[in-house]
Amino acid sequence: DGPFYVIYGDVLTRLDLGALLAHHRDCDAMATIALHQPEDLTRCGVVQQDKDGWITSFIEKPSNGSAAEAWANAGIYLMEPALLQRMRAEVPQDFGKDVFPELVANGGGLAGFRSDAVFWDVGSAERLTLAEDWLRMEAGQEPRRNKIGAVADQYLASVQDAIAGLDRNAIVRVAELLFDVRSRGNQVFIAGNGGSSATASHMAADLTRAASVSAGPPLRCRSLTDNVPALTAWSNDVGVESAFALQMKQVVEPGDVLIAISASGRSPNIIAAANAARKQGASVVGLVGFGGGKLAELADIVVVVPSDEYGPVEDIHLLLGHLLAAEIRMSQEVSDDAELIQETSHILEVVSVDEDETRAAAC
1 DGPFYVIYGD VLTRLDLGAL LAHHRDCDAM ATIALHQPED LTRCGVVQQD KDGWITSFIE
61 KPSNGSAAEA WANAGIYLME PALLQRMRAE VPQDFGKDVF PELVANGGGL AGFRSDAVFW
121 DVGSAERLTL AEDWLRMEAG QEPRRNKIGA VADQYLASVQ DAIAGLDRNA IVRVAELLFD
181 VRSRGNQVFI AGNGGSSATA SHMAADLTRA ASVSAGPPLR CRSLTDNVPA LTAWSNDVGV
241 ESAFALQMKQ VVEPGDVLIA ISASGRSPNI IAAANAARKQ GASVVGLVGF GGGKLAELAD
301 IVVVVPSDEY GPVEDIHLLL GHLLAAEIRM SQEVSDDAEL IQETSHILEV VSVDEDETRA
361 AAC
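Take 1 as the starting number for the sequence shown in this note's numbering and just add one per residue.
Source of the hints: derived by calculation from the structure; they are not laboratory data. Incorrect hints may appear among the rest.
As the list claims (entries may be wrong) - Cut-off 27 Å, straight-line C-alpha distance, at most; resulting in silico cross-link-like pairs (DSS-like, lysine-lysine):
id : residue 1 : residue 2
1  : Lys279    : Lys249
2  : Lys97     : Lys51
3  : Lys294    : Lys279
Unchecked claim - Label-pair distances were calculated between CB atoms; the ranges are:
id : residue 1 : residue 2 : range
4  : Ala205    : Lys97     : 57 to 65 Å
5  : Asp28     : Glu126    : 37 to 45 Å
6  : Thr129    : Asp308    : 28 to 36 Å
Note that beta-carbon positions come from the ideal geometry of N, C-alpha and C, so glycine has one too.
Please construct the entire structure, taking both the sequences and the accompanying hints into account.
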């Protein structure tokens with residue numbers, strides 16, 4: 001039965017609604033509009049008032065004028081129920097363009113409440129972010145975007161540092177081993193757990209595809225994690241620790257290669273797979289981090305990512321898969337070890353430059 005507020009959803013403010021109600025009642029108005037002084041006149045509707053504060057006209061988003069002298073519609077209204085009764089339910093109407101101008105034209109009762117409270121237009125993601133930053137700073141907190149940027153910088157720096165610390169010669173030896181396996185017609189098996197399982201599948205697909213688009217014979221490459229029924233059957237019937245090793249015993253032949261991926265270098269089922277591969281006469285490549293662990297001791301060739309964080313280690317294991325695929329694709333152009341080392345260094349330098357550009361974009 002009494003007056004009611006209408007507050008636009010894209011307005012954030014600390015307006016004293018009690019003061020607005022008191023002003024509305026003092027004026028005995030049909031409706032009262034909260035007014036603020038805008039920074040940008042072109043984004044809002046400006047009102048004109050008489051000496052008693054009654055609104056006499058509207059200028060919708062003027063193209064010029066002095067913001068210091070202008071008062072704009074803040075998107076917060078207080079209205080009497082009688083105003084709703086005047087509105088035709090079957091006709092769509094806008095308060096700022098239809099209802100209030102008609103009320104003024106009919107002589108009646110539209111007050112303006114000038115407020116120095118802060119109003120934020122949060123009608124876009126960008127303006128919402130600016131308002132959030134302001135509120136955080138007002139509360140003595142750092143804007144969230146600064147924290148996000150700092151975390152991004154720190155993470156990208158750790159990845160770049162780890163890339164810079166890679167043993168290029170070890171990577172070249174892995175590439176040479178893959179070339180030899182390909183020329184002999186042997187197979188490459190890849191195994192990993194969790195995120196490293198996805199890397200194993202990704203690497204197997206990339207190496208196979210790279211060989212198919214380059215000069216030379218096919219490269220037979222498969223991930224031991226891709227046959228889910230077999231993997232889960234071995235895990236259930238015999239145990240997780242033996243799941244990869246038992247697969248290896250069924251398919252590995254002398255001259256094959258196992259690429260064992262383990263960030264810690266300590267995964268029991270990966271260690272068991274490496275031991276099984278060696279017993280079958282296969283070579284073992286270890287992709288590790290955290291100093292290498294037991295896998296580094298078992299592997300014929302080991303590439304240690306110099307990091308004690310799982311994220312960067314796993315990122316660079318995936319990068320190494322892409323790098324080795326690039327080596328396979330370019331294999332017809334590589335004539336000796338020196339050229340292979342040079343090509344490997346070039347690929348890593350390109351990755352490092354990309355990391356720098358990404359860090360700059362995050363700042």
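With a cut-off of 27 Å on the C-alpha distance, tell me whether lysine 294 and lysine 279 pass. 17 Å, holds
Taking 28 to 36 Å as the stated bounds, is the beta-carbon spacing between threonine 129 and aspartate 308 within them? 34 Å, holds
Aspartate 28 and glutamate 126, beta-carbon distance inside 37 to 45 Å? 41 Å, holds
Does the alpha-carbon distance linking lysine 97 and lysine 51 stay inside the 27 Å limit? Holds, because 23 Å separates the two Cα atoms, which is no more than 27 Å.
Look at the Cβ atoms of alanine 205 and lysine 97 and judge whether their distance stays inside 57 to 65 Å. Holds, since alanine 205 and lysine 97 (Cβ atoms, about 58 Å apart) stay within the stated range.
Check whether the Cα positions of lysine 279 and lysine 249 lie no farther apart than 27 Å. Given pair lysine 279, lysine 249 holds - Cα atoms ~9 Å apart, limit 27 Å.
Hint check: no violations occur; every hint is consistent with the structure.
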